[in-house]
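Undergrad: Given chain B, work out where chain P should sit, using these hints.
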Amino acid sequence: MPGDTLFVTCGATVPFPQLVQSVLAAEFLRGMHALGIHSVIIQFGRQWGGQFDKAVTTSPRMSATNPVYTAEQLGCDEIHCYTALNGAVHVTGIPFSICVEDLIGGHTGVPVTAIISHAGTGSILDALRCQPSENTPRPALVAVVNGAPMDNHQLQIANKFAQMGLLHACEHPTPETLLQSLQAALSNTDNTKGKGSFDQGIARFENFLVQISQ
Amino acid sequence: MDWAWVSVIVLLVAAVFSVRLALILPFCRRPTDEDETILGGVQSGKGAAKRRPLQLFVFLGSGGHTGEMLRLLDTYHEYLLDSRNTVHIGYSDLQSKQKFLKLADKYKCKNRLYEFKKAREVNSSALQSVKTVLTTLITSLSHVVQIKKAMMSKPHLVLLNGPGTCCIITLLFKLLDLLLLFTSSHIVYVESLARIQTLSLTGKILYFLADEFVVQWEELKLTKAPRAKYFGILV
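Residue numbers (our numbering), protein chains in the order written: chain B, 1 to 214; chain P, 1 to 235.
So that you can see chain B by itself, here it is in the shape it has in the complex (with noise of 0.2 Å):
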């Protein structure tokens, strides 16, 4: 079983091939290895399985191997195991997971030290909001901006929790852009922010909306 681990995710119904290109790139897996992250989990999206496989054989690098995760630890049945770097790191892809909350909370038993997602609101909610167990930081959160969407929502909530601490914003994806921005979120983001620290008018609109209910 690999140790510490990244999760990217491109959201569940719109593609980001530049994100998982320049994950699978050589420059970005030997940057992540030297920051000792020695395995790298993808969920490319919906239909895009076939996609993810011509992806990592235009690589020479890249060998398809066993999976080193179960099918429950990653709430996926379809995974697409491969190893790079002469087997020093893996890489795993899968569609979509059905419990990504507690996969990247590490309660099914994949230590997720950090996490780089599309910038769509629901993705980053998840990961802010992701609750590992007691004395352990969430993981660290990087948030890529998808330039395919028709407006800039994606850019603009990105930079608003950027300012906030709470994660680091890559606009362009590229090996070298998404390695920096791991690199600073892994020491700059406070991870012990999180559930909490942006939702404390929960219990305010809870009682507005009995009131209103009236």
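To be clear, the hints were calculated from the coordinates, so they are not data collected in a lab.
Just so we're clear, the structure is a prediction, and the values are computed from it rather than from any experiment.
We treat Cβ as the ideally placed atom computed from N, Cα and C, and that holds for glycine.
Please note that a few of the clues may not be correct.
Cross-link-like lysine-lysine pairs, in silico, DSBU-like; alpha carbons within 30 Å at most [stated by the list, open to error]:
#, chain 1, residue 1, chain 2, residue 2
1, P, Lys131, P, Lys106
2, P, Lys224, B, Lys160
3, B, Lys160, P, Lys99
4, B, Lys160, P, Lys117
So the derived label-pair ranges between C-beta atoms look like this [stated by the list, open to error]:
#, chain 1, residue 1, chain 2, residue 2, range
5, B, Val14, P, Lys102, 17 to 25 Å
6, B, Arg61, P, Ser129, 50 to 58 Å
7, P, Gln197, B, Thr58, 36 to 44 Å
8, P, Glu219, B, Gln131, 48 to 56 Å
9, P, Lys102, B, His107, 54 to 62 Å
10, P, Thr223, B, Asn188, 28 to 36 Å
11, P, Arg112, B, Arg61, 50 to 58 Å
12, P, Leu178, B, Gln200, 33 to 41 Å
13, B, Gln200, P, Arg20, 36 to 44 Å
14, B, Glu27, P, Leu134, 53 to 61 Å
TA: Chain P only, in chain B's frame:
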């Protein structure tokens, strides 16, 4: 003589409905402060058991809208999805419906489902469009009438967060409120977390119709929606 009486009655009815219209639109009301709702001393926690069951209507849009709404329902499940509540769910795509049913199963609330057709399909001719818009309006009206009937008891709540179909739904609720003089549908619209600097199109319309308008970033309230309520990130 007869004409005088007729015109008096017409004027009276017109006056009643004008006052009524003013009463059901949000910008004619005294603005309330977010903090008043806490000072109101609403019971939560232990008091929850004494509460009467809620009639809740929620519309699930698709994709991101559905995602945020299901997060809202999950976060505030203690009040919204109590097992004694009846949850009326409007939806227009199957995936949203299935995701909701999974959540409803978790909290065992009673639910009723209403399918709202999309207002217009892509690549349809003008005549077909008119026909689909009309049938959409008619089925929406019959759904809203049914939901409104269930909501004549208190407490009740309509929770919306987009997209466009919510405008039609709100209009229909307001129309019924106008006709049934002494009710309010308690419509709460929550703008998407993705909106930091500008309101969505649905938001711009419902800012003038919804009973309560909630944004999730303070700068949006300050720059674009002064009447809105801001509590923080809610989803």
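Undergrad: All hints, please: hold or fail.
TA: Tested hints:
1. Proposed proximity of Lys131/P and Lys106/P is contradicted: the alpha carbons are some 39 Å apart, above 30 Å.
2. For the proposed pair Lys224/P and Lys160/B, the alpha carbon gap of about 17 Å is at most 30 Å, so the pair holds.
3. For the given pair, Lys160/B sits about 29 Å from Lys99/P by alpha-carbon distance, which is consistent with the 30 Å threshold.
4. For the given pair, Lys160/B sits about 36 Å from Lys117/P by alpha-carbon distance, which is inconsistent with the 30 Å threshold.
5. One distance hint, 17 to 25 Å for the beta-carbon pair Val14/B and Lys102/P, holds here, with the actual separation near 22 Å.
6. Range check, Arg61/B to Ser129/P: Cβ separation about 54 Å, and the 50 to 58 Å hint holds.
7. The given range of 36 to 44 Å is respected by Gln197/P and Thr58/B, whose C-beta atoms sit roughly 40 Å from each other.
8. Our hint of 48 to 56 Å for Glu219/P and Gln131/B is violated, since their Cβ atoms are close to 29 Å apart.
9. For the pair Lys102/P and His107/B, the beta carbons lie near 19 Å from each other, so the given range of 54 to 62 Å is not met.
10. Checked against the hint of 28 to 36 Å, the C-beta distance between Thr223/P and Asn188/B comes to roughly 29 Å, which is consistent with it.
11. Taking 50 to 58 Å as the suggested C-beta distance range, the pair Arg112/P and Arg61/B conforms, at roughly 56 Å.
12. In this structure the supplied range 33 to 41 Å holds for Leu178/P paired with Gln200/B, their Cβ-Cβ distance being about 38 Å.
13. Checked against the given bound of 36 to 44 Å, the beta carbons of Gln200/B and Arg20/P, roughly 38 Å apart, stay inside it.
14. At roughly 59 Å, the beta carbons of Glu27/B and Leu134/P sit within the given window of 53 to 61 Å.
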